[in-house]
Amino acid sequence: GLARRVVHGRLVHVKPAPAARAFPTAEGFLDARPVAELLAYIDDRGLSGTLTLTSPTGVEDASVTFRDGKVVRARTRVPSPLGTALYELGLVEPDALDRALRELAAGKGALLGEILLAQKALTAEVLAMALAEHYTRKLVSLFALPVATRFAFYEHTDLLASFGRADVSVSVGRAVVRGLRDTFDAQ
49 GLARRVVHGR
59 LVHVKPAPAA
69 RAFPTAEGFL
79 DARPVAELLA
89 YIDDRGLSGT
99 LTLTSPTGVE
109 DASVTFRDGK
119 VVRARTRVPS
129 PLGTALYELG
139 LVEPDALDRA
149 LRELAAGKGA
159 LLGEILLAQK
169 ALTAEVLAMA
179 LAEHYTRKLV
189 SLFALPVATR
199 FAFYEHTDLL
209 ASFGRADVSV
219 SVGRAVVRGL
229 RDTFDAQ
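The opening position of the sequence shown corresponds to residue 49 in our numbering, with each subsequent residue numbered one higher.
Read the hints as simulated data drawn from the structure, not as lab findings.
Keep in mind the model is a prediction, meaning the values are calculated, not measured.
Cβ atoms here follow ideal geometry from the backbone N, Cα and C, with glycine treated the same way.
Keep in mind that the hints are not guaranteed to be accurate.
Said to hold, decoys possible - DEER-style ranges, computed between Cβ atoms:
id: 1; residue 1: 156; residue 2: 228; range: 38 to 44 angstroms
id: 2; residue 1: 231; residue 2: 167; range: 17 to 23 angstroms
id: 3; residue 1: 230; residue 2: 70; range: 28 to 34 angstroms
id: 4; residue 1: 222; residue 2: 127; range: 17 to 23 angstroms
id: 5; residue 1: 73; residue 2: 176; range: 25 to 31 angstroms
id: 6; residue 1: 103; residue 2: 151; range: 17 to 23 angstroms
Using the sequences provided together with the hints, build the complete structure.
Here you go:
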């Protein structure tokens, strides 16, 4: 939100300065630490923090926030909409999804899952299943990143705190298996 400050005797609203990004506790390139190894390491040790993956051109391809080794938020450049997962898994009626997407497009600030819950188009349990698949798909997309991609892990730092909600935590195991399978199937 906006902060209030007194400038030259007048009360003004200003955007707060962006928080400085913490220093990474681990960093490197995917040629030395492949995605599967990074995810397994975070999971095995129950780490909390944010993993960022940046392309060789400097564009951030993904950020994934973990709590105790489980994924709680994920943002990737590869689109993987929650609505697609809900539809493809048959977890929501198409008409209900269309209504919710229209409300989402109207920009009232709610997330798609929240809208569907409010419309009673799905239950919290069904939303949790869909979010698990949604995050799994996002993690699987990381396996396609080039080996020159830079990774950085910021322990105990949630760089996605303002992105979505962290109500659901997802194990990375299924994503690692699917990502490896898809990688070998493509070769």
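Hint check:
Between residue 156 and residue 228 the CB atoms are about 40 angstroms apart, so this pair conforms to the stated range of 38 to 44 angstroms. At about 38 angstroms, the beta-carbon gap between residue 231 and residue 167 misses the expected band of 17 to 23 angstroms. A C-beta distance of roughly 32 angstroms is found between residue 230 and residue 70, which places it inside the suggested range of 28 to 34 angstroms. At about 20 angstroms, the beta-carbon gap between residue 222 and residue 127 stays in the expected band of 17 to 23 angstroms.
Here the CB-CB span from residue 73 to residue 176 is close to 30 angstroms, well matched to the stated 25 to 31 angstroms. Separation of residue 103 from residue 151 is about 34 angstroms and departs from the stated range, judged on CB atoms against 17 to 23 angstroms.
The structure fails to meet hints 2 and 6 from the earlier list, while all remaining hints are met.
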